[in-house]
Amino acid sequence: MSGKAVKEQSMVKQKELIQDHYHELSRAPETGRKVIYTFVPGNLTELFRAFDLLPVYPEINALQSAMRQKSTLFINEAERAGHAEDVCTYVKTDIGMLRRGNVGPSGEKLPPPDLLVLSYTGCFTFMKWFELLRQEYDCPVVMLHTPYQGDGKITPSMVRYMVEQMRTEVIPALEKVSGIKYDEDRLKEAMALSESAETDLVAVLESAKHRPSPIDGYFGGVYYIGPIFNAFRGTPEAAEYYRMLRGEVEERMAQGLGPVTPDGLLANEKFRLVVEGPPNWTSFREFWKMFHEEGAVVVASTYTKVGGLYDTGFRHDKEHPLESLAHYCMGCYTNNNLPQRIDLLERYARDYSADGLLVNSVKSCNSFSAGQLLMLREFEKRTGLPGGFIETDLVDARYFSAANVKNRIESYLQMITQKRAPSARAEA
Amino acid sequence: MKAFVGIDLGSTTTKAVFLDESGQVLGRGITNSRSSYDLAAKIARDEARVSARFALLERSLKADEGLAAEAERLRSELIAHFHRHQQLVQLGRLREIAFVEAHAPRVAAIAEPLRERLAVILDAMEAEEKRPRLGILAKQTSEFFRDRAASAFSRLAEERADSTVKFGDLMGIFDKAILQVENTSFELKFDDSLREAAAELVPAMGAEQGQRLIRVVETSLDIDLDEVRTIGTGYGRQRLPFAKEDIRSEILCHGLGAHAQFPGTRTVLDIGGQDTKAIQVDENGIVTSFQMNDRCAAGCGRYLGYIADEMSLGVHELGPIAQQSTRHVHIASTCTVFAGAELRDRLTAGQRREDILAGLHRAVILRAVALLARSGGVEEQFTFTGGVANNPAAVDALQELVHENYGARTLNISPGSIYTGALGAALFALRAGEERWEAA
Chain A
1 MSGKAVKEQS MVKQKELIQD HYHELSRAPE TGRKVIYTFV PGNLTELFRA FDLLPVYPEI
61 NALQSAMRQK STLFINEAER AGHAEDVCTY VKTDIGMLRR GNVGPSGEKL PPPDLLVLSY
121 TGCFTFMKWF ELLRQEYDCP VVMLHTPYQG DGKITPSMVR YMVEQMRTEV IPALEKVSGI
181 KYDEDRLKEA MALSESAETD LVAVLESAKH RPSPIDGYFG GVYYIGPIFN AFRGTPEAAE
241 YYRMLRGEVE ERMAQGLGPV TPDGLLANEK FRLVVEGPPN WTSFREFWKM FHEEGAVVVA
301 STYTKVGGLY DTGFRHDKEH PLESLAHYCM GCYTNNNLPQ RIDLLERYAR DYSADGLLVN
361 SVKSCNSFSA GQLLMLREFE KRTGLPGGFI ETDLVDARYF SAANVKNRIE SYLQMITQKR
421 APSARAEA
Chain B
1 MKAFVGIDLG STTTKAVFLD ESGQVLGRGI TNSRSSYDLA AKIARDEARV SARFALLERS
61 LKADEGLAAE AERLRSELIA HFHRHQQLVQ LGRLREIAFV EAHAPRVAAI AEPLRERLAV
121 ILDAMEAEEK RPRLGILAKQ TSEFFRDRAA SAFSRLAEER ADSTVKFGDL MGIFDKAILQ
181 VENTSFELKF DDSLREAAAE LVPAMGAEQG QRLIRVVETS LDIDLDEVRT IGTGYGRQRL
241 PFAKEDIRSE ILCHGLGAHA QFPGTRTVLD IGGQDTKAIQ VDENGIVTSF QMNDRCAAGC
301 GRYLGYIADE MSLGVHELGP IAQQSTRHVH IASTCTVFAG AELRDRLTAG QRREDILAGL
361 HRAVILRAVA LLARSGGVEE QFTFTGGVAN NPAAVDALQE LVHENYGART LNISPGSIYT
421 GALGAALFAL RAGEERWEAA
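As given, the protein sequences belong to chains A and B, one line each in that order.
Numbering (our numbering) for the first sequence: 1 to 428.
Numbering (our numbering) for the second sequence: 1 to 440.
Keep in mind that the hints were calculated from the coordinates and are not lab data.
Hints may contain errors.
Below 20 Å or equal to it, Euclidean Cα-Cα: the simulated EDC-like pairs (lysine to aspartate or glutamate) are [claimed, not checked]:
id : chain 1 : residue 1 : chain 2 : residue 2
1  : A       : LYS289    : B       : GLU245
2  : A       : LYS381    : B       : GLU283
3  : A       : LYS406    : B       : GLU245
4  : A       : LYS381    : B       : GLU379
Keep in mind that this is a model prediction, so the values were computed, not measured.
With the rest of the complex left out, here is chain B (with noise of 0.2 Å):
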């Protein structure tokens, strides 16, 4: 099977999204970005691509008359137990890298107790991973493990800190770990791992049932998934290992991946790190107008995490905080690290912090609308993309200024929003595949 591979390298994360010869999306992958632009891309890659070949099973599971009624019950547990296992091999690595750094002589004098101590982390660690855990299912894909490595790793060690090996001790060794384990691209064994997780659902299923569920695991991993085309896109373009004519700006992509979410989309927000885009499409998703943000950050979501860190806060808290605000609070959006300061000021004058915050998410909401009226302004209907589309409060904030100034408007968010310029990027790559064929 023919699949076309958009990968969006962002300042924050790496997006990459597959999409099959009709377009539809077969599978998507997220990480972290790092230091190493090409190891990102990969992971993504990697990660998409398992995803792609779940939907493939999926759709093997659904074409078997036997089978056909569970499929997404079998799905789900099979990626469960694919998961687990890709946890345990990346714990397996840390591990190893932990003990490695526990030899350094910078911790020479607690060596023995700190092998210990580490060893009983990553002994519980381990237990936790092999537990089974079916709820927490959808969420897995998304999250990194590096994240979930963290908030068990620091749990346990405040558990296990003393006055010989401290709190601090322990998490170093983590840090630096955590680091390497996240820098190295392991191999998946995508086929063995998917084997091994049949073989473990086998026994509780029927003999027959079982049987089949083994042939159509065979079937699907027979399929060939053949990545004819990869299109990247995102602020680290320029540094994705692709020639020039497999890499378009992220404008192009937003506003083509805005288009397939909703294609009645004629303006598109993106919000993300660091730049904020408006663009305007016309009916199929060409770019005919865009302004981004040039010579300052302040309308940026690092604003927000600017904000999040002043306030020892996660940055997914402040919408939820900032829609509780009953009173307006005006506050100014031109300098991120000012609106720090007046944030401090306005605390110590005696103002609520929820009051404050909304006056924050205003803030960087005005110089979005900003940049709307530059671009063309905004038409019906409005996308809204970025990490910022998922916080509440900028939402809201968004949704009564587009209101004031332009009326009523269709305002669409995707679940999805984050991949929006991996979906656009994969759907050049699909053009560009075509455009081949009909060259040959």
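This is chain A alone, in the form it adopts within the complex (with noise of 0.2 Å):
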């Protein structure tokens, strides 16, 4: 580890693009915008851009009070309401961050929603969630049902239903929030914008593909994926991001520079790993830490792929802009079924050149925890590589154990050590 952390111009523009956003939203109420509440997966916000809607996404909401060390406050609140232990830390963050007069991550008070937005059901407590926000704020809900690929493939009749249910259902509830007439050109203006933002996007994820990687695909990667996976997708702002960010990561590359990391820039590239599962929030820097400072660089990873699936060749279609939401939508990791999910982590693995696979389960989220150690073990057998799990949550502090987190990454990583050199294949 060696120099000063350097804000590169693209953080700075996101920083700007995401204040605008949120001051946007708190003036809401005086310029009389509409307001959507939306899921990250799934997310239509180049049809919400269509109608002029402002979207806010909770889970973002959660993950940034975590960050900024609130989850724990906003959990308490939610647990006095009577929301139990075990439900999803997401929800009681935003329940509680709501009932505290909900003011959002930068530091303005939130409007409320004129509709919510139900655009993704892979996650069944997105349902739960919205239901009971549906109370909270007394607002109507409109539902978009998203088929689960519980096959591994797409069908036609699926795009059919999800487009049917756009039709009939979304737009008309769009039109009414809004008071604007659906105007198909303005969704494929913004389809272009977005298929121009997710090539780029591609092309950052994939130059870690290159040794020593120029980026980390896990926790950089977070950052990367947040315009795009935000309010700003299909947007000229965005598009112009990706550009920029794309322009940056490949002149590091040609530089042979490694990731930037919050204490630094990460010099010596010892591990390569692909990590699935998402990250925690509530220890997000110490957390990084634990792999920075051992040389670990995360090349892949699937939680990158939550709010959209492009690096296996989608991208949003002018020429077809309700098929590929559909498509898009279905498309979105979790939505993806056990068999697909190993098949992306062994293509990581080796389009990637990983050393091993890491898989952090957060005790918040069943849409990712069921069936990870079975994937983990189907990928051990099918590469060969050695694979190591972990056990955090997304914004709940009290399931991050930094010792244990800690003791589990560093015993993980000697194991691969140990299976790399050569005289510790000598008999002990």
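Fit the two chains together into the complex; they arrive one by one in their own frames, and the hints show the way.
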């Protein structure tokens, strides 16, 4: 590790984008702009933009609350209100935040929703979550049912089913709340901008195939996916951000530089890992440090695909806007079945020349955690690479035991070293 | 002679192992882990070094034509003399501190009679120490001074206590003093102690034999025991005063240690004080997969420790009692504290102590079996390590559950299983040393 953390231009740009968005949201009661709440996976951002709607993502508020060390307070608040310890901690952080004044990550108050758009159902908790918010805010919900890829494929009838729901339920609901008529040309325009941003994002993520990797595809990756998973997909600003980011990353790659971490440049790449599962947000920096101080770089992660799986070829398509939104919703990582997830992990290990797979199993999220051990075993069998398993939580600080996590990570990395060392093969 | 050292700093005990260049165990040491990890590591290392010294002495004795036949007996007697000397030094230190404590303002009202009784008790302890007692030789090294002193002191204090100086007053002084004795490392002066021990044996031997013994002792003392490399592991490994490259995870050390003890090992289960590890290793002892208990210690040694406290029993007594069980009792394994409540509840309901204890052992092992499943199952052969491996009821439950889930498996338990992690660390020290020489 050497050098000081440098704020790259793209980081400044991203910060501005997000701040402007929260500011715009806080002014919504004055400007009269309508607000919808929706989820990251399967989000219909381009469609919302076509109705001048401002989206809020409760999951992002929850994770940002955790990074600002507020989630414990919010979770306690929700538990006092009767939400049990075992309930998803994203939900409780959101409910707690709402009950304590709904001040968002930027420090400004968030407006209440005019409509809740439940556009992804691969997570069953999402349904219960919006059921709770509907009660809290006394506002309507529109639901777009996303069929799970149980058989590992998207069939034409699944696409038709989703497009039909969009035409008969989602679009009319958006028209009603915004007072604006559906204009498919506006949607197509946004789709073209999405496609450009997605192609640049894929180039950024795939830069990690290079040795040394110029990026960390997990801890750094969550910043890179920020705008595209957030309110900005399909905007000119997001397209520009990804162009800028790609330029910076390609420059780093050309110079043979490693990733930038909060503690400076990672100069000595020793381990290349694939990580499955979301990160812990309450101790995000500490968690990252456990990797980078050992020279471990995450070259590919599945978490960075929850809001869209683009590196297998999918792009939003302006020629078929609603159909491609349907494909997008059904293609998100947690909507893939277990064999698909294993195939993806195997592909990552191969394409990114990884040393192994580390699973971070979070207590809160069954959409992720169910089946992870099975995936790990199958991965080990197929690739012969070592697997590791750690347990934390998303935003509940009570489930992050730093000493235990560090111990597992160190043990895992030493296990990789031991398997590599030729002298280690000698009889003990 | 080159020595390679492994130190395993556990949550309950700290272990050290010395290996020679061929990977043979030269010496082992164990002590209570305490607030000062550095000190625990130093004491375990000193003890292992002494036991390595005695191993070298035995080699020298066996190499001497005249003494070879009696080598083992002589070694045992020398160790006995040496340890007696060592205990007396510690007892002297205990006396010193106890008298300082007896001057504290807290006990000013009874100072005079308190000091009087302390002197009587400590004299008696010293007299007991000086009495020859060859019979318990083998046990001595694994026995802590604290435990021996505590049992002697409390027995004598009970005899001496009265309405003026109460039992609690005497034990209060002892508790303060023993803590300080434990937390100071004293110079062992090995060479002098061994010479003294040899001198005590000589009169009973023939003149020629006596001369030989003195010569052999000197020869063995001339061997330079050079600790070329030390590797640390265990719960407190970050606190060991070692460089990062000299530290290995306990997972790797247990895997390698178990492989060295039983080369056929493919699955290792280690149940220690506060963590349980399920480890899969390949034919070279290289770890291929592992799982540890994360958010809860209900499947660990502490669970049994807690139960022993609840029942006012020693933890070593639990297993033999549980083995008397005749009826199957199911106990939930989710929480240590709840298990205590369940235990009291069942005792009140009239269930038999041995049946409940057997159920509790099974509960601990059920957690371990779940962890084994997560790590990839139980392969042939299966090695069980850690403090809980010494508990016969835990072993019975494990054998039964492994058989139910995986069929017939060879279950290995080494008598030195508590040293498995330190042994693995020492093997890493040996390898690291070799690599450095190759690179040079």
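Here is how each hint holds up against the structure:
{"no.": "1", "hint": "A:LYS289 x B:GLU245", "result": "holds (18 Å)"}
{"no.": "2", "hint": "A:LYS381 x B:GLU283", "result": "holds (17 Å)"}
{"no.": "3", "hint": "A:LYS406 x B:GLU245", "result": "holds (16 Å)"}
{"no.": "4", "hint": "A:LYS381 x B:GLU379", "result": "holds (16 Å)"}
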